[in-house]
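Protein chains in written order, with this note's numbering: chain W, 99 to 340; chain F, 130 to 371; chain V, 16 to 233.
Derived from the structure by calculation, the hints contain no laboratory data. Mixed in with the good hints, there may be bad ones.
[Stated by the list, open to error] Pairwise CB distance ranges, derived in the manner of DEER restraints: (1) T329(F) with F102(V): 24 to 30 angstroms; (2) L218(F) with R23(V): 24 to 30 angstroms; (3) M134(V) with D118(W): 50 to 56 angstroms; (4) Y109(W) with F36(V): 29 to 35 angstroms; (5) F328(F) with S59(V): 55 to 61 angstroms; (6) E358(F) with Y109(W): 56 to 62 angstroms; (7) E37(V) with Q153(W): 55 to 61 angstroms; (8) Y135(F) with M134(V): 33 to 39 angstroms; (9) L208(V) with Y362(F): 45 to 51 angstroms; (10) N328(W) with I171(F): 56 to 62 angstroms.
Glycine is no exception: its CB is placed at the ideal position from the N, C-alpha and C atoms.
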Amino acid sequence: MIEIKNVSLWYDKNHQVLNDISETIQRGQTVVICGPSGSGKSSLLRCINGLEYFQKGDIIVNGVSVQDPDTNIHQLRSNIGMVFQHFELYPHMTAMENITLAPLRVRKKSKNEAEKKAMEILERVGIPEQALKYPAELSGGQKQRVAIARALAMEPKIMLFDEPTSALDPEMIKEVLDVMIDLAGEGMTMVVVTHEMGFAREVAHEIIFMDKGRMIEKGSGHDFFNHPKNERTRQFLSRILI
Amino acid sequence: MGFLNYTFDWSVLWRHPYGNMFIKGVVTTIHLSLLAWMIAVIVGIAIGIFRVLPIRSFRFAGSFYVQIFRNTPFLVQLFFWYFAAPLLLPEPAQEWLYDNVPNYAYWAGVAALGTYTASRVAEHFRSGLLAIPHDQYRAAYSTGLTTMQTYRYVIAPYAFRIIIPPFTTEFLTCFKNSSLAMTIGVMEVTHTAYYVDSFTSHGLETTTAASLVYLCIALCVALFMSFVEKRIYIPGMIARGQ
Amino acid sequence: MDMDVIARNLHFMLGGLVLTFELAIITLAGGFLVGLILAMGRLSSRAWLYYPATCYVHFFRGLPLILVIFWLYFLSPVVTGRSLEAFYAAIIAFVVFEGAYFAEIIRAGIQSIPKGQAMAAYSTGLTPFQCTRDVILPQALRNMTPALVTQAVIIFQDTSLAYVIGLREFLRRVNLVDAREARSVELYLFAGLLYFTFCSAGSLLSQRLENRRQRNRV
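Make a model of the complete structure from these sequences and hints.
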């Protein structure tokens, strides 16, 4: 479903962010990417839906090359949901308006239809009663669930999560992870950048460890945690699993 | 001691012919400032956009404009527009200007105030744009919105609310600066106050009246803006400073 | 273009710069002092300090500087019985006016210091005065230095307004030369360039200080 082929990305001549990354993600899989900050995890994620331009390699999503000039990038993106570390809800719109903006403008749905769908999704993420509130009136966990709902409203085939819980207070992390675990259980294809190793252990089909723009190690949940091959992975895990 | 020697005569404010002069002065102040403000907003927003474009020469031009206009006194700019600018025109155009534009001072004032205020508006507009996090754009793009839609539905309404308070301040500064047009002979309200004093020697009353005009304008604008801000109030946005 | 006109009158025009700097420096010092007092009033919880200071600030921020200069010019004979020398009229007007702007800069600087700092100071037994002088103000000053430098640049530009009551500072002298020589383009370009040199140096310094402050923020 997602094929990443030898992708390299430079921010400028002396600053290589991604170094020859290759990876294939099957339909229905959940892949967790972890690694220290600055390792290029988020950049890789942004390359998948064309938010970042990479100089070398190719990414093919659903048989379509992301950087092909003939690709309708907006259409491609509308089929890939994305969730951000700092939520990035539109502060001037209610939760409902945040969720329905793209269905109305991109999918050209009717207002009724879009709002009905939005309510369904809000029920699914457990906060239908917050529909008419503005982002500033929501807790962090609620904001992130609205952000997930906003992505789901486009009925995406793939969901990208960029550290969805790292800006949250500990007591709110679980409510967001629960939503993500449900999604994985329903067979959504997900790429998740996170340090929540409990989540990774529970749902990830594959875990990737990145450092300094390189893919250091990848493996199934069991192998990755119990028999890490690379010393850097071991170091990272021993730090993060305390 | 001297205080007793002065008898206030407030009638200089409405007595013929001074009353009419004052009304004309107030009217001139208002339309001079409004015209200049329109120029300032149009030019300022254009320059502000120049300053964030990914094209180096545009950024340079924008920054050059702002530096020039912000780092020279407004009075020098005003004198330049009034005394020097016509001399840069070809001879016949100069003749035409002096013969056919009797209130050239007024237009020089409008041009000077407009272009000067534009440099300040540009800076506020730019910092308004820069205050919007990158991921906010990415969030909009990730749902498949086009660039136009992203700016129209997400960025513009957001930026609009950020820039309202500084734009209000600049608008009032524009009014106050219009008083400097008196130095090139424009009969706005400050000049009128000075002028009436030269006939009546009741400058204290006339300057008090002129001060009240500015304070009234400031008060009206403040009241109007607090009404506007209430209309577009959204929790968590716009915290108007003092 | 006739650059000779500048050379011929250079000495006379630059002579005005002395007065320009004099006005700017006195205003800077006086305005800061007035601003500091007003800022304390604006931050005070005592109504009799807070309201007068607040009214003062709003009043003068609502007026054009030129009008304040006239006010003083017309008011002083009434109060003192004789007219004030133009230099003093200008200085007083500048200090009174810029004080209102300084007040807001200083207030913002003080408010940028977290409440915990004051609590920590009080918890070690410092008095409110000591706390302000030894703990809050030094930090606040560092935070507001860029804004103060910017304000200094504005004051330097504002001194040109002393022109209206006949003070022969730099711009007034350029003006006089122009009246005699009728070379407006050259003369005002020269004046602009000269102001620009000083002001952009100031703006650059302010920018540097601000960048450094952002970097060093804990």
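Results for each hint:
no.: 1; hint: T329(F) with F102(V): 24 to 30 angstroms; verdict: 26 angstroms, holds
no.: 2; hint: L218(F) with R23(V): 24 to 30 angstroms; verdict: 26 angstroms, holds
no.: 3; hint: M134(V) with D118(W): 50 to 56 angstroms; verdict: 54 angstroms, holds
no.: 4; hint: Y109(W) with F36(V): 29 to 35 angstroms; verdict: 46 angstroms, violated
no.: 5; hint: F328(F) with S59(V): 55 to 61 angstroms; verdict: 45 angstroms, violated
no.: 6; hint: E358(F) with Y109(W): 56 to 62 angstroms; verdict: 39 angstroms, violated
no.: 7; hint: E37(V) with Q153(W): 55 to 61 angstroms; verdict: 59 angstroms, holds
no.: 8; hint: Y135(F) with M134(V): 33 to 39 angstroms; verdict: 53 angstroms, violated
no.: 9; hint: L208(V) with Y362(F): 45 to 51 angstroms; verdict: 47 angstroms, holds
no.: 10; hint: N328(W) with I171(F): 56 to 62 angstroms; verdict: 59 angstroms, holds
Hint check: violations occur at hints 4, 5, 6 and 8; the rest are consistent with the structure.
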